[in-house]
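Trainee: Numbers 8 to 295, taken from the working numbering, label the letters of the sequence shown in order.
Wrong hints could be hidden among the right ones.
Claimed, not checked - Calculated pairs, DSS-like style, for lysine-lysine (alpha carbon to alpha carbon, straight line, at most 25 Å):
id	residue 1	residue 2
1	K283	K51
2	K251	K80
3	K249	K283
4	K283	K251
5	K51	K80
Calculated from the structure, these hints are not laboratory results.
What you are looking at is a predicted structure, and each value in this text was computed from that prediction instead of being measured.
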Amino acid sequence: MIKSAFLICLASVLVAEDAPERPTARLSLGSFTDSYSDSTGTWKGWSLAGEWFRDEHGPWSLSAVGTQRPEGKGTMFTVAKDHSFGESSWVWASVGVGTGADFIPTFRGNVDLNLGVSGPWSMGLEAGWNRFRDGSSTLLLQAGPGWLGETWSASVRVQQLRYLPGEFSDTGYLADLRWGANNLRRWHSLRVGWGQGIIDSLQPGGSYSTSTMYGGGGRGRGPGSGGTGTYSVTTTQYDYPKLKEFLISTSSHVPISNRFALRADLAWGQRETQFKVWSASLQTLITF
Numbered sequence: 008m009i010k011s012a013f014l015i016c017l018a019s020v021l022v023a024e025d026a027p028e029r030p031t032a033r034l035s036l037g038s039f040t041d042s043y044s045d046s047t048g049t050w051k052g053w054s055l056a057g058e059w060f061r062d063e064h065g066p067w068s069l070s071a072v073g074t075q076r077p078e079g080k081g082t083m084f085t086v087a088k089d090h091s092f093g094e095s096s097w098v099w100a101s102v103g104v105g106t107g108a109d110f111i112p113t114f115r116g117n118v119d120l121n122l123g124v125s126g127p128w129s130m131g132l133e134a135g136w137n138r139f140r141d142g143s144s145t146l147l148l149q150a151g152p153g154w155l156g157e158t159w160s161a162s163v164r165v166q167q168l169r170y171l172p173g174e175f176s177d178t179g180y181l182a183d184l185r186w187g188a189n190n191l192r193r194w195h196s197l198r199v200g201w202g203q204g205i206i207d208s209l210q211p212g213g214s215y216s217t218s219t220m221y222g223g224g225g226r227g228r229g230p231g232s233g234g235t236g237t238y239s240v241t242t243t244q245y246d247y248p249k250l251k252e253f254l255i256s257t258s259s260h261v262p263i264s265n266r267f268a269l270r271a272d273l274a275w276g277q278r279e280t281q282f283k284v285w286s287a288s289l290q291t292l293i294t295f
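Let the sequences and hints guide you as you build the complete structure.
Mentor: Given below as structure tokens:
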């Protein structure tokens, strides 16, 4: 999995073909794996998602993500809507429900808002909430500036992850750089995160790599320029010491023809001396 994802990321820099400008729908089927250097072992899973391009403002999407860990299996079902209302203003909202193992949230909600400020500059605000079966929950808040050019885009955000009930929280920082303005065409992104709570917060559906068909790594424009997806957090122990974390990930979207495309994601993270994690995902996308 990791080798295949790396080869696709490398090949996508050299060659790719354009996708249609205004599709009707798009389907995605993929798998992911996370490998830890300690006794945590290996996590793996699958993803199935679909987008419906009803108008030029942005698609509706449905997704199912199944995750298998040593402690059990679970599935997350999510519905989301992407809506753009200006050259650099958009909102992405989603709600989801989970079934199976306790590490899957029973309910998850997310809103990601980007407001154009002046020229290519914008301000990003995001809030996400996860509730688990034992009554605990997590609240994720992000804020920071963004820049959107014709081909390149970048953003920096401060993130706070709050563990409820209680008054425990982690603060981290995220920086995104992306090449490619449209999610249906070729694009590449790079994300770097550091601080506390970074590794746990960047697990969409159970993987440190993405398990949705959204762009990530900066905002695209035009049809299919979806948001960064919804993050689930599985931490339930709150009295741990503050540990420094670092995470770097890259994503590449490669149109093979007018209908078919591949997406590969790679990530590497470290939590001080506790462990390291390697993550990869690979998706096949079909456009109609």
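Trainee: Hints numbered earlier in the text: which of these fail when held up against the supplied structure?
Mentor: Hint 2 is the one this structure does not satisfy, whereas the remaining hints hold.
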